[in-house]
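> Top line first, the protein sequences correspond to chains G and Y.
FYI, in numbering that gives the first Met the number 0 the residues of the first sequence are 0 to 300.
FYI, in numbering that gives the first Met the number 0 the residues of the second sequence are 0 to 300.
Worth flagging that the hints you see were computed from the coordinates, not collected in a lab.
All of these numbers come straight from a predicted model, not from anything done at the bench.
Among the clues, some could well be false.
What the hints assert, rightly or not - Which bits of chain G does chain Y cover? Going by a derived footprint, with three or more residues having C-beta under 8 Å, they are:
id	region
1	137-144
2	168-179
3	189-202
4	217-227
5	274-280
6	287-294
Every residue, glycine too, gets a C-beta built ideally from N, C-alpha and C.
2 protein chains.
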Amino acid sequence: MILRPALLATLLATAPALAADPPPYRSAQQILDASPVADWRSPDPDSTLYLELEGGRVVIELAPGFAPAHVDNIRTLAREGFWDGTSIYRVQDNFVVQFGDADADDAAKARPLGAARRKLPAEFERDAKGLDFQVLPDVDGWAPQVGFADGFAAGRDPQAGKAWMAHCYGVVGAGRNNEPDSSIGAELYVVTGQSPRQRDRNIPQVGRVIQGMELLAALPRGPEPMGFYEDPAQRTAIRAVRLASTVPEAERSQLQLLRTDSATFREVVEARRNRRDDFYKRPAGHIDLCNVPLPVRTAKR
Amino acid sequence: MILRPALLATLLATAPALAADPPPYRSAQQILDASPVADWRSPDPDSTLYLELEGGRVVIELAPGFAPAHVDNIRTLAREGFWDGTSIYRVQDNFVVQFGDADADDAAKARPLGAARRKLPAEFERDAKGLDFQVLPDVDGWAPQVGFADGFAAGRDPQAGKAWMAHCYGVVGAGRNNEPDSSIGAELYVVTGQSPRQRDRNIPQVGRVIQGMELLAALPRGPEPMGFYEDPAQRTAIRAVRLASTVPEAERSQLQLLRTDSATFREVVEARRNRRDDFYKRPAGHIDLCNVPLPVRTAKR
C-alpha cells in the first residue's frame, strides 16, 4: 500500500495527538451511570433469599451453579418456614455473622427439618467445564486463577479442572462440623471482614448478600469465644427467611446486578485496577479478587 | 568420615521414622499459649493512643517509624485535648470509620490546632534502609515484597528502596484532601473491611488498633454517601483521646504485642499458612498479608 503524501501528513499529525490524549479517566460510578440496560440482569426469584430482620431486609443471591444440593435444601427450608423465629446467634469481629437454629445440636430442642435432606455432598468445588469464567488478569496467592462466574467471585484450577466460589466480603457459606459432608444449609454464615480465603475449597459457599450488608456487619459482636451469644435475649431475632418467588410481586426487592460478562464490568474493574482520579497519586495496576465491586442497583419499576 | 556399621544401622532406622512423624500440628493459639515471655513486647506509652468512647476504650499503637511527622503532630494534638468532645462522623460499610473535628473544613467552626503543625510532608512511604523487615514468603499483588516491620504489616520495593505500611483491617490512616501533603493527623480513619490496599503509598498510615476494634467496626453505618453523618446527634461522641504516657499508670491498658521478629510469630504464620487441624481439609499453603494475625494479649500485672 502506498500512502499519498496528504494522507501520510494527516496520519502523522493525528498519531501523536492520539498518543498524548488517552481517553479521560472515568470512575467506576461514571461508568455505571452510562451503562447500557443490557449489561444488567435481574436475579432469579427462585434463587433469591430474603432475610427479614427487625432493622430491615437482607437480600441474598443463591449460587445453584456452585452448590446445587445446598441451594435446593435452602429452598425447601425457606418454603417450610424453617428459619422463621430463629436468630443470628454468632457475630465474630472481622470474620462472620452466623444464623439459623441456635439449638440445632440439641436433639431435644432442635427444629424439625421437614422435607429437607439430612445429608448432602460436600460441595466445596465444581467441575470447571461448562462454567463461563471471566478471568481477572491479576495474580492471586490462593488460587492458580481467579475471576468471576455466574456473577460470583471465584477461583479456578485449570489443571485440576475445578472451580469454586471465593470467600469474599458478603459471601454466604454453609456452616459445618469437622466432617466434610456435615453441612445441610440450615446454619448459614456471612463474611463480614477481611476475606478468609483459607476457607476456599473447604466449605460449601451458597451465595452472597446483594443488599443489606450493613444490617449484619454492624451487629454488636458476641461476648463468647468466636462471637457466640449464649444468652438468647442478646441474639438478633429473625422474623422470616423467604424465597423471593414465594413473596407477592409488590413486596419484592427490585434489584439488578451488573453482569460480570459485560463490557461495563470489564471497564469498572480496569477503573479500579488503575485509579486515575484526583485523589490517587500512584495507581496500583492491580486489584485483589475480593476488592472488585459487584455492582447492584435498584431497578426502575 | 567413616560410619561404623552399628551407627549406620541406627541412622537408617531412625531416618524413616523421623520422616514419617512430622511434629504434631499446633494451632496458632496453642503456639501462643506456649510462647516465651521474651517474644512479647509492651507498646511504648508515648506511641500509644487511647480513644475513649461511651462504650469503652480503643487502643491504637502509633507508627513513628513510618510517619514520624504525623505521629509527632498526633502526640501534640492529644496532649492539647484536641479530640476531646469531637466525634466519629463517618462510618462506611466495608471500608472505614473516621473521626476528628467534623467542622474542620469550616474556618468559622473548626477547632484550634494549638501547637500542632499545619503542614506536614506526605509520609506515604519511607526509606527501606535501616528497617528490620521480616519477609512473608507469599506472593502479593500490590507490592513486590510484603512482610512485617516494627510490628506492622508492610510492603517493600527493594529496587526503589522504599517501604510502607499496608492498609489492613484495623490500620489507622490520616485523612487528606486531594493534595498529597494535605493531611496533618487531626482527621483519622480506621480500616473496618476488606483491606483497601489500593491506598498503600497514597496516604500516610500512622498506626493500628490493637484493642477495641469491635467498638468501631460495629457502629451503625452513616446514612449519607460515603457513610457520613450530617446530623451531629447521630455521630458517636469521643470523650477524649489521650497518649498512654499522660494517663496515670493504674488507668493504662496493660497490653503486650507478639514481636514479629520472634520465633513464635514465625510459627504462628506457618500454622495459618497450612492449617492442619480437624476442620481444614485442604491447607492453603499460602496466606495474604492482611490475614496474618498480629497477636495482642493482656499483660499479667
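> All hints, please: hold or fail.
The hints, checked one at a time:
1. Proximity of the region 137-144 of chain G to chain Y, defined as three or more residues with a beta carbon under 8 Å from a beta carbon of that chain, is established by the 5 residues found.
2. Interface restraint, the region 168-179 of chain G with chain Y: holds (4 residues with C-beta to C-beta distance below 8 Å; minimum three).
3. A count of 9 residues in the region 189-202 of chain G with a Cβ less than 8 Å from any Cβ of chain Y is obtained; the coverage claim is therefore met, three being the minimum.
4. With 4 residues bearing a CB less than 8 Å from a CB of chain Y, the region 217-227 of chain G meets the requirement of three and the coverage assertion stands.
5. Counting residues of the region 274-280 of chain G whose beta-carbon sits less than 8 Å from any beta-carbon of chain Y gives 5, enough to reach three: the coverage restraint holds.
6. Against chain Y, the region 287-294 of chain G contributes 3 residues with a C-beta closer than 8 Å to a partner C-beta. That satisfies the three-residue criterion, and the hint holds.
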